[in-house]
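Spelled out, the chains give:
Protein chains: 2
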Amino acid sequence: MLPVEAYLAEVLAIAQPIAPVLLGLEEAEGGVLAADATARSPLPSFDNSSMDGYAVQAADVVAATAAAPVFLPVASQIPAGDTSPHVLRVGTCARIMTGAPLPAGADAVVPVEWTDGGRDRVAISQPAAPGHAIRRRGDDVAEGQLMVPAGALLGPSQIALLAAGGHREAMVRPRPQVAVIATGNELTEPGSPLVPGQIWDSNSYLLAAAVRQAGGVAQRHRVKDDPDAVVAALDELSASADLLVTSGGISMGGEHDVVKAALAGHAEVAFRKVAMQPGMPQGFGVVGRSRTPLFTLPGNPVSAFVSFQLFVQPAMAARQGRALAPPPLSPAVLTVSVRSPAQRRSYLRGVLDHAAGTVTPLPGQGSHQLGALALANALIVVPEQVTSMQAGDTADVMSLP
Amino acid sequence: MLPVEAYLAEVLAIAQPIAPVLLGLEEAEGGVLAADATARSPLPSFDNSSMDGYAVQAADVVAATAAAPVFLPVASQIPAGDTSPHVLRVGTCARIMTGAPLPAGADAVVPVEWTDGGRDRVAISQPAAPGHAIRRRGDDVAEGQLMVPAGALLGPSQIALLAAGGHREAMVRPRPQVAVIATGNELTEPGSPLVPGQIWDSNSYLLAAAVRQAGGVAQRHRVKDDPDAVVAALDELSASADLLVTSGGISMGGEHDVVKAALAGHAEVAFRKVAMQPGMPQGFGVVGRSRTPLFTLPGNPVSAFVSFQLFVQPAMAARQGRALAPPPLSPAVLTVSVRSPAQRRSYLRGVLDHAAGTVTPLPGQGSHQLGALALANALIVVPEQVTSMQAGDTADVMSLP
Chain E
1 MLPVEAYLAE VLAIAQPIAP VLLGLEEAEG GVLAADATAR SPLPSFDNSS MDGYAVQAAD
61 VVAATAAAPV FLPVASQIPA GDTSPHVLRV GTCARIMTGA PLPAGADAVV PVEWTDGGRD
121 RVAISQPAAP GHAIRRRGDD VAEGQLMVPA GALLGPSQIA LLAAGGHREA MVRPRPQVAV
181 IATGNELTEP GSPLVPGQIW DSNSYLLAAA VRQAGGVAQR HRVKDDPDAV VAALDELSAS
241 ADLLVTSGGI SMGGEHDVVK AALAGHAEVA FRKVAMQPGM PQGFGVVGRS RTPLFTLPGN
301 PVSAFVSFQL FVQPAMAARQ GRALAPPPLS PAVLTVSVRS PAQRRSYLRG VLDHAAGTVT
361 PLPGQGSHQL GALALANALI VVPEQVTSMQ AGDTADVMSL P
Chain L
1 MLPVEAYLAE VLAIAQPIAP VLLGLEEAEG GVLAADATAR SPLPSFDNSS MDGYAVQAAD
61 VVAATAAAPV FLPVASQIPA GDTSPHVLRV GTCARIMTGA PLPAGADAVV PVEWTDGGRD
121 RVAISQPAAP GHAIRRRGDD VAEGQLMVPA GALLGPSQIA LLAAGGHREA MVRPRPQVAV
181 IATGNELTEP GSPLVPGQIW DSNSYLLAAA VRQAGGVAQR HRVKDDPDAV VAALDELSAS
241 ADLLVTSGGI SMGGEHDVVK AALAGHAEVA FRKVAMQPGM PQGFGVVGRS RTPLFTLPGN
301 PVSAFVSFQL FVQPAMAARQ GRALAPPPLS PAVLTVSVRS PAQRRSYLRG VLDHAAGTVT
361 PLPGQGSHQL GALALANALI VVPEQVTSMQ AGDTADVMSL P
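First to last, the sequence lines map onto chains E and L. The working numbering numbers the first residue of the first sequence as 1 and each following residue consecutively. The working numbering numbers the first residue of the second sequence as 1 and each following residue consecutively.
Hints were generated in silico from the structure; no laboratory data involved. Treat the hints with care, as some may be off.
[To be verified] Quick look at which bits of chain E chain L covers, simulated, 3 or more residues with Cβ under 8 Å:
hint: 1; stretch: 11–24
hint: 2; stretch: 56–70
hint: 3; stretch: 131–144
hint: 4; stretch: 273–281
hint: 5; stretch: 312–321
hint: 6; stretch: 381–395
[Said to hold, decoys possible] To list a few chain E residues with every Cβ distance to chain L over 12 Å, as calculated:
hint: 7; residue: Pro3
hint: 8; residue: Ala232
hint: 9; residue: Gly288
Glycine included, every Cβ here is placed at the ideal spot set by N, Cα and C.
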């Protein structure tokens with residue numbers, strides 16, 4: 001059996017970054033920038049006022065006090081967005097709004113709070129030093145300066161900075177497109193009448209939602225236990241998806257394992273036993289002309305979910321050219337004892353109480369038991385060489401998103 | 001000036017939960033369940049095998065050893081999804097796949113690994129105790145049992161459990177629809193030719209991306225400094241949006257503050273000074289026939305961003321009937337000194353180094369300086385009564401999403 005880290009390394013060696021594309025800023029959200037983005041204009045692009053007030057020459061107001069205000073005629077009004085040229089004459093002032101361009105000749109802004117707010121003539125009761133309440137051209141970002149480096153994940157503030165710097169598009173490796181394919185004759189649509197032997201499909205919903213939670217775009221599919229149908233689905237979807245994820249059809253049963261049967265003789269997908277529980281049987285490789293990476297996850301929903309967190313999510317990031325740090329582990333005290341198979345790392349479903357520093361394993365640790373998974377906020381990680389831990393022992397815990 | 005917590009309390013007293021709607025499971029992702037969901041069938045709905053192997057009567061294999069295997073004829077094959085009734089006769093076995101229904105009369109499954117894998121006749125080299133490798137009907141969730149309680153946020157595992165329990169739809173308070181409206185004559189589309197006095201709009205992109213990052217659905221709008229146009233936009237958008245967010249037009253400049261002018265005499269929107277920097281000027285209330293909550297955020301992008309994190313995101317959760325815990329603060333050692341205005345809580349942009357336990361304030365702390373925001377991974381919180389902190393002091397730090 002392969003250790004978890006060794007299997008992940010195999011996956012990441014194969015999951016290469018996709019080609020970047022030019023997208024509008026909103027579509028580029030969640031993408032990874034593929035080339036350094038520089039400012040197409042200085043930020044700000046002109047000297048402007050940081051407050052509502054009066055643009056002045058500082059020398060004209062140096063003597064202002066509350067007892068003896070300086071009175072200046074208000075020669076003009078400059079709202080934000082005013083694009084006409086303004087020039088300040090000595091001994092006058094201009095009423096100016098936040099963000100409005102500073103008139104030529106002004107070197108300070110007196111905030112409206114230091115004045116009587118006059119319209120034609122203003123009484124100024126406090127001096128403003130040169131530069132007061134002025135944002136200088138380029139004091140945020142100089143023209144041509146690097147704003148967002150290649151490799152950055154584009155969240156709200158990076159998108160906003162690109163916009164402010166004049167980019168309406170960005171060259172990115174976008175949110176990965178992931179096609180999820182649940183396999184099995186037993187699967188039917190949730191809520192449809194059930195015949196004994198059938199179950200309502202949950203894996204396609206589970207994995208598609210996990211893809212979206214991880215920042216990807218998911219397409220949800222379901223295929224019967226027919227190897228030709230699986231091959232056809234993989235062929236078709238590999239042309240458009242950045243990543244393929246099947247569930248089911250990879251256990252030990254031979255001819256009934258549809259995914260294994262569909263990939264029989266396909267040298268570029270390797271089936272592995274990974275030293276973990278749940279999720280021991282795994283498969284990964286590339287399929288189709290585009291050599292699209294493919295995960296063949298086990299069919300038990302808890303196995304599929306844990307496999308997603310450990311392997312699929314890092315591979316999604318890798319397709320964006322982004323390294324995902326391993327999920328952080330934090331210590332918590334077990335409230336009850338747990339058992340774990342020898343030679344396999346267990347990921348037990350539990351409820352972490354941050355405040356108390358404790359974690360309580362849930363009843364129902366079977367890999368088919370979704371009920372416990374839906375109550376869990378954490379996975380309790382029991383190392384390969386440990387077969388039991390007692391109440392009061394400290395365990396490593398991985399928080400769930 | 002109002003403390004941050006007092007203002008948030010005002011907001012949350014007004015932001016009431018929206019009416020629940022019935023949505024398909026995929027659309028319901030990220031929604032908050034409005035009514036307890038119970039299992040429409042037991043989970044699993046029939047006894048089934050947890051492994052690939054042979055369904056047997058345990059008594060028939062009790063003597064099996066590697067040296068002296070028990071041989072049984074293989075009377076049938078039961079793949080997963082087989083809906084025909086099977087009955088096991090004493091002294092025979094059935095080849096059975098993971099997830100396939102257990103034949104009547106069988107009380108254990110011998111894993112294929114304990115056999116020679118025979119097709120017509122199988123050699124079994126290890127006994128299986130009664131119940132071995134069998135998942136009993138209802139051992140995950142009993143029929144009618146509560147699966148997901150009202151108030152739960154629907155992530156991948158909750159969606160999957162609803163699907164497994166036969167729900168094709170869910171009654172939820174869905175991801176909130178948030179209309180973002182940037183105001184200002186100075187705003188133009190990023191990349192368009194700039195006339196001095198104009199800037200490329202970044203706020204609409206910033207806030208829309210923040211809404212999506214927080215789990216909402218965003219519409220992006222831009223309106224000129226015309227109070228009638230602002231009133232018209234608020235009227236129209238309040239009919240469809242769950243939350244409205246404007247930026248700009250609320251400073252001290254009087255007639256030029258378009259949002260204040262548009263809402264003049266509108267008793268249900270209150271303008272406040274909140275004891276924080278950036279983000280002191282705030283406004284909140286309800287508008288339109290639907291009494292849609294409205295935030296009027298300041299126009300400086302860093303102010304708008306900090307306001308979003310502190311006030312808009314909790315209000316989005318409140319619209320879903322969900323209480324959002326305050327952002328957790330963690331201690332970190334300042335690498336350089338910082339200053340903060342008296343009577344106001346500062347949220348300084350910084351780079352938190354988790355491993356080192358340090359935080360470095362970024363150059364460029366102006367509320368218009370997006371460059372620093374895009375480099376920040378944390379906000380350094382300086383309390384109201386503190387006006388400076390030195391290198392080596394421990395500060396409270398809020399991680400950014």
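Each hint, compared with the structure:
| no. | hint | in the structure |
| --- | --- | --- |
| 1 | 11–24 | violated (count 0) |
| 2 | 56–70 | violated (count 0) |
| 3 | 131–144 | holds (count 4) |
| 4 | 273–281 | violated (count 0) |
| 5 | 312–321 | violated (count 0) |
| 6 | 381–395 | violated (count 0) |
| 7 | Pro3 | 21 Å, holds |
| 8 | Ala232 | 19 Å, holds |
| 9 | Gly288 | 25 Å, holds |
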